[in-house]
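In the working numbering, the protein residues as written are -15 to 239.
Check each hint, because a few of them may be wrong.
As the list claims (entries may be wrong) - Here are the computed lysine-lysine pairs in the DSS-like style, where the Cα-Cα straight-line distance is at most 30 Å: (1) 228 <-> 211; (2) -13 <-> 2; (3) 128 <-> 71; (4) 147 <-> 211; (5) 147 <-> 228; (6) 6 <-> 71; (7) 42 <-> -3; (8) 157 <-> 128.
To be verified - Have a look at the derived ranges for each label pair, beta carbon to beta carbon: (9) 128 <-> 91: 26 to 34 Å; (10) 89 <-> 7: 18 to 26 Å; (11) 1 <-> 157: 37 to 45 Å.
Read the hints as simulated data drawn from the structure, not as lab findings.
For glycine and all other residues, C-beta sits at the position ideal for the given N, C-alpha and C.
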Amino acid sequence: MGKVLRIYDIGKKKFLRKCEAKIFPNVITGIHTQGNRIYVTDVQESVHFATFIAADNKIVVFADDTTNAWITCSTMLDYDTTVYGDKFGNLSIVRLPAEISAEVDDDPSGNKLAFEKGYLQGAPHRLQHLAEFHVGETITSVHKTSLVAGGREVILYTTLLGKIGVLIPFVSKEDVDFFQSLEMHMRTASPPLCGRDHIAFRGCYTPVRNIVDGDLCEMFNVIPIEKRRGIAEDLDRSVGELAKKMEDLRNRAAF
């Protein structure tokens, strides 16, 4: 309800208000839970990690983000990691450091959390940014799912203008190096029509980090054959091997 987070218990005839917290800055846009941990996204102040202390019957925020984000959607990737999209078209993945997560879980009474001093008018701890990517359209939903039976889990997102996109995790360092090299070559072989720098676009609000632009890599199949041969030669592969590599990645994860 606005900036108020409430926990209800089930009574015989109606819900009973058990706990209430008025500690969030603006308007709550999303809530996810796992155990006693609560993941709350704010309309303007990004994501907050909180925990419910049953002994004191109160909610305490123990970690928040370093960057303001106008969040429209979010989902949990694991116990410590969350991905969110904002209204300016940015996808971000943030994670709570493992040592802080263990410290919070090792304090069941919540005494240390309750009296920890906030840092710079925020929570005592900060989330780490693992990945950043500018999509270019307002992101309306984001989910962790598997698109094919037996396939690896991916991050699926949709946008206001109807785009459906997928973030596929790499499983080997070899794949990371290959696609980063291909992306680097494609930036010069297939520049944007309007002349804007590719890195400047994908890092429009925050510098792009740890995400390879698959749309740009897919342009390899439509550029002139001379450029394809030049890129393949630089990567010590044949043109067919490059196309097969991208096709295999799609087939294993998406379609």
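Hints versus structure:
{"no.": "1", "hint": "228 <-> 211", "in the structure": "holds, 17 Å"}
{"no.": "2", "hint": "-13 <-> 2", "in the structure": "holds, 17 Å"}
{"no.": "3", "hint": "128 <-> 71", "in the structure": "holds, 19 Å"}
{"no.": "4", "hint": "147 <-> 211", "in the structure": "holds, 29 Å"}
{"no.": "5", "hint": "147 <-> 228", "in the structure": "holds, 25 Å"}
{"no.": "6", "hint": "6 <-> 71", "in the structure": "holds, 24 Å"}
{"no.": "7", "hint": "42 <-> -3", "in the structure": "holds, 24 Å"}
{"no.": "8", "hint": "157 <-> 128", "in the structure": "holds, 22 Å"}
{"no.": "9", "hint": "128 <-> 91: 26 to 34 Å", "in the structure": "holds, 28 Å"}
{"no.": "10", "hint": "89 <-> 7: 18 to 26 Å", "in the structure": "holds, 21 Å"}
{"no.": "11", "hint": "1 <-> 157: 37 to 45 Å", "in the structure": "violated, 51 Å"}
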